[in-house]
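Given chain A, work out where chain B should sit, using these hints.
From first to last, the protein sequence lines are chains A and B.
Numbering (the numbering used here) for the first sequence: 194 to 361.
Numbering (the numbering used here) for the second sequence: 921 to 1073.
A few of these clues could be false.
[To be verified] Here are some chain B residues the structure puts well away from chain A; computed CB gaps all over 10 Å: (1) Met926; (2) Val937; (3) Phe1009.
[What the hints assert, rightly or not] Per label pair, the in silico range of CB-to-CB distance: (4) Asp1022/B to Ser298/A: 18 to 24 Å; (5) Lys285/A to Ala951/B: 42 to 48 Å; (6) Gly1020/B to Gly282/A: 14 to 20 Å; (7) Arg350/A to Val1008/B: 28 to 34 Å; (8) Arg232/A to Pro1036/B: 25 to 31 Å; (9) Phe1028/B to Phe228/A: 17 to 23 Å; (10) Ile930/B to Arg350/A: 44 to 50 Å; (11) Pro355/A to Ile930/B: 52 to 58 Å; (12) Lys1072/B to Ser234/A: 39 to 45 Å; (13) Val233/A to Leu1057/B: 38 to 44 Å; (14) Gly309/A to Phe1028/B: 43 to 49 Å; (15) Gly1050/B to Ala308/A: 50 to 56 Å.
[Unchecked claim] With the C-beta cut set under 8 Å, the calculated list includes, among others, these residues of chain A facing chain B: (16) Tyr199; (17) Ile207; (18) Gly210; (19) Gln213; (20) Trp216; (21) Leu224; (22) Ile237; (23) Ala240; (24) Ser255; (25) Ala343; (26) Gln348.
If you're looking for bench data, these hints aren't it; they were derived computationally from the structure.
The beta carbon of each residue, even a glycine, is placed where N, CA and C say it ideally should be.
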Amino acid sequence: MAKDLYPQTSSLRIRRGIWQGIWLCCLGVVLAAGFNGIRVSGSIPWAGQWPIASAEDIAEISLREAWSRFQEGTTLFVDARDPLSFKQGHIKGAWNVPPGEAGRSFDEIRILAQAGLVVIVYCDGAACPLGPALARTLQQRGVPSVRVIADGWRQWRQAGYPVEGGER
Amino acid sequence: MKKRGMVWFIAPVFRLVIGIIFLYAGIMKIADPSGFAQALYNYRLLPGWAINPLAITLPWVECVAGASLLFGIWTLGGGVVASTLFAVFVAALGVNLIRGLDISCGCFSTATAASPITWLTVARDLLFLGMSVFICLFDQGVMSLDRLLHKKV
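Only chain A is shown next, with the shape it has when bound in the complex (with noise of 0.2 Å):
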């Protein structure tokens, strides 16, 4: 039979197995840091520029509460997508600002936002950029309680819930 080679309380293992873990940790970074410095191809850098909307700046709004703000009449849905995705479908009463073009309607969004409405942007697939980017400019423009649903269209079209356009 093997002699003990661990600790036999579970405390004690745990407390060395964290001290083992973290220099485990320390020892994977350093591996990454330097792999990632003399790899050929594929490097990606430290700092990247990621739209996100979660976890920051600009809050989300599950589909559940978006939904229940819709039966209220609360909210003014706006679509972050391009003019030809929006004309094939929509979620119903939503407005299409599609990139660039925030500056257009961004001050009659202002108003709705400011007479109460909750904005929500929206677009399609968890991987959508444009959602979120939409989001922060409107934010930063003086729209109050701007709000972002991820892989927003997908979700509502699943879920059966109102949507309009010649689609399909």
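Okay, now just chain B, sitting in the frame of chain A:
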């Protein structure tokens, strides 16, 4: 000692399984860091500044933990790292399933169309979490380099 009989046999098997899983998952992500960064972004849980550093370092931490478990070097540490990572993975998957996001797991492949997350993914990671916790609590370093070196000393 007698009542630990089965434990002596089971823990090395768990180490082998989790070690291979982490090494494989880590290598797949190291091969495509930008794809993994995109997968992390899609989870919508991290601030933008944290995505690239995590996409660069997490795969290597997985590889180091995997190697630790597979070869039996500091297996308690490898078990703690594996348990922590699986707990985080379960939480991240659960949150996004509840939110209803249709995203790729990014667990073993960084392709966005590959392996969409489901509750089965959560169940699988919970199983791996259980195996990792078992290693932390019961592994005795059987068939490990730790024991080999310990004997020599």
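The hints, checked one at a time:
Interface exclusion of Met926/B from chain A stands, the closest Cβ pair being 14 Å apart, more than 10 Å. Taking the minimum C-beta to C-beta distance to chain A, about 18 Å, the non-interface status of Val937/B holds against the 10 Å cut. Once the 10 Å rule is applied to beta carbons, Phe1009/B is consistent with being away from chain A; the minimum gap is 16 Å. Judged by the Cβ atoms, the range 18 to 24 Å given for Asp1022/B and Ser298/A is violated: they are separated by roughly 29 Å.
Between Lys285/A and Ala951/B the beta carbon distance is about 44 Å. The supplied range of 42 to 48 Å therefore holds. About 19 Å separates the C-beta atoms of Gly1020/B and Gly282/A, a value consistent with the hinted range of 14 to 20 Å. Remark: the range hint 28 to 34 Å for Arg350/A to Val1008/B is upheld by a beta-carbon distance near 31 Å. Taking 25 to 31 Å as the suggested C-beta distance range, the pair Arg232/A and Pro1036/B conforms, at roughly 29 Å.
Separation of Phe1028/B from Phe228/A is about 20 Å and conforms to the stated range, judged on CB atoms against 17 to 23 Å. Look at Ile930/B against Arg350/A: about 48 Å separates their beta carbons, and that is inside 44 to 50 Å. Look at Pro355/A against Ile930/B: about 55 Å separates their beta carbons, and that is inside 52 to 58 Å. Between Lys1072/B and Ser234/A the beta carbons are some 42 Å apart, a value that agrees with the proposed interval 39 to 45 Å.
Separated by about 43 Å at the C-beta atoms, Val233/A and Leu1057/B satisfy the suggested range of 38 to 44 Å. Restraint check, Gly309/A to Phe1028/B: a C-beta distance of roughly 47 Å satisfies the suggested window 43 to 49 Å. Taking 50 to 56 Å as the suggested C-beta distance range, the pair Gly1050/B and Ala308/A conforms, at roughly 53 Å. Of the supplied interface hints, the one on Tyr199/A holds, with its beta-carbon coming within about 6 Å of a beta-carbon of chain B, less than 8 Å.
Satisfaction of the interface hint for Ile207/A is found here, the shortest Cβ-Cβ separation to chain B being roughly 6 Å, below the 8 Å cut-off. Satisfaction of the interface hint for Gly210/A is found here, the shortest Cβ-Cβ separation to chain B being roughly 4 Å, below the 8 Å cut-off. Annotation: Gln213/A was flagged as interfacial toward chain B, and the flag holds, the nearest CB pair being 2 Å apart, inside 8 Å. For Trp216/A, the interface hint holds, since its Cβ comes within 8 Å of a Cβ in chain B; the closest pair sits about 7 Å apart.
With 8 Å as the threshold, the beta carbon of Leu224/A comes within range of chain B, its nearest partner Cβ sitting at about 5 Å, so the hint holds. Among the interface hints, the one on Ile237/A holds; its C-beta lies about 5 Å from the nearest C-beta in chain B, closer than the 8 Å criterion. Checking Ala240/A against chain B: minimum C-beta separation of about 6 Å stays under 8 Å; hint holds. For Ser255/A, the interface hint holds, since its Cβ comes within 8 Å of a Cβ in chain B; the closest pair sits about 6 Å apart.
About 5 Å separates the beta-carbon of Ala343/A from the nearest beta-carbon of chain B, less than 8 Å, and the hint is met. The criterion of a C-beta within 8 Å of any C-beta in chain B is met by Gln348/A, whose closest approach is roughly 5 Å, and the hint holds.
Going down the numbered hints, you'll see the structure goes against just number 4.
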